[in-house]
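S.K.: Heads up: the protein sequence lines correspond to chains A and B, in order.
Residue 1 is where the first sequence starts when you use the numbering used here, and the numbers rise one by one after that.
Residue 1001 is where the second sequence starts when you use the numbering used here, and the numbers rise one by one after that.
In short, the hints are calculated from the structure, not lab data.
One thing to keep in mind: the hints can contain errors.
[As the list claims (entries may be wrong)] Covered, in the sense of this in silico footprint (three residues per stretch, anywhere, with C-beta under 8 Å from a C-beta of chain A), are these stretches of chain B:
1. 1132-1146
2. 1191-1205
3. 1211-1219
Positions of the beta carbon are idealized from the N, C-alpha and C atoms, including for glycine.
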Amino acid sequence: MTAPRAGSDANSSIELRNVVVTAPTSQDDATILHPTSLTLDERRIAIIGGNGSGKSTLARLINGLVEPSAGGVNVELRGGSTSRSLDTRRDGAAVRRAVGFVFTDPSAQLIMPTVVEDVSLSLRRSHRDAAARRAAVLATLERFGLQDLADHSVHTLSGGQKQLLAIASVLATDPAILVADEPTTLLDLRNARMIGDLLMSLPQQVIIVTHDLELAARTDRAIVIDGGRVVFDGDPAAAIAQYRNAASQ
Amino acid sequence: MTAASPLGEYIARPGPLHRVSPGAKLIGLFVFAILTMATGGAAATTIGLLLAVVIAGIAGLRGRDFWRVTRRFALIAVPLLLFTAASAAFARDGAWGAHGLDLPSAAAWAAGFARGYSVIGDLLALVLVASAVTASTAVEDMLDTITRALAPLRRFGAKPERVALAFSLVIRAIPSILGIAQETAAAARARGLERNPRARVVPLVLRTVAHAQLTGEALAARGIGEE
């Protein structure tokens, strides 16, 4: 296993301390993630691994959608001279507001019937006034090139448009960190590249769980998970080589 | 995973009902429901149904939408009609006699079916008017209205935003669950199990629960509903 590169260039970091995740089965508890300690402070991090390897569980730990069975996960947010440390177990709601999460299937993420309403739902908390909220929604749609689809039903959108909207709706809440769980898996090549370019251009720290090795190669650090264990952590090119090698055996 | 159904779906087509405030429409729906339940008889039901059809038409529902609403409603309406008609007829002049059960007279059956028509017709009218409200009101506007209406209850610890969100999620769940029902029925047909209720009901229940869980996760992923 290679050590991650030193230094942080993001305004946030995530620390996993001896985290274990287990799930009850009919016989015994199954271990989904074996004891894992990581400090994630690069701006772009990829998590790669086979199906059922535990990479989605690792991603879900970061915003508290999954709680560790043992150990702890801390999200550190830095802004100017102040910093805030949030524990995913203790400060679950605050963590979820600070860490946006994008699902593999955008249809599962879109809640409201139309594009404009779905983004608006994200902004209800920060913009109580309807007129101000409407203006913020339109600005968000324009930022993501969705303004022409504002009144369209979310069910009539293409896969790429749905994923773009899902990301826009999450980013509308202005999270410090974005975790994306296989955001390009259901997309064709063109849309996968479009979503990849978008994720790489964001000011937020972005953690991407992916099978898309082209996307993983564009990150600052890649973590390979196999059987619930981190088997490689470091340079993306070396991580991809390790993953390809393991997959071909 | 959403059914092509006007139930719970907003129709983005400007119309007279779209311009009415959501609060007024909700009060109107409430008043319509009270009047429907308060008035009895086939004539009142027919008037209520005609009025509901007109209101739904103004909201943008068209022939195919009416057919979809009525077709789905028929699944409940037909057994309910038979049950209501039979129970009303037997209550009128059915009895256990010396030779067993005496069947009600033709007149009693006629009265029973009139009662059944009244019950079913009232329900269909309410479904149509409720569809008209959801078809002509954006969920966003409904959320704002409910939040405003419940704001005075804040001092008693109520959370209007959360109640409004729950309300809108329930409305949104109607087409989603209908969509899941269509998909599970298609999956059962694909395996030649269209007549097997278990093949249709079990996946429907499981997928509906999974849908609810996913919606909760989608809200949590945006930090919504936890304030």
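S.K.: Taking the hints in turn, state whether each one holds.
M.R.: For each hint, the structure was consulted:
Coverage of the stretch 1132-1146 of chain B by chain A holds in this model, with 5 residues showing a Cβ closer than 8 Å to a Cβ of that chain against a need of three. For the stretch 1191-1205 of chain B, the stated coverage by chain A is not satisfied: 0 residues place a CB nearer than 8 Å to a CB of that chain, which falls below the threshold of 3. Coverage of the stretch 1211-1219 of chain B by chain A holds. Counting CB-CB distances below 8 Å, 5 residues qualify, and the rule asks for three or more.
In summary, the one numbered hint that this structure violates is 2.
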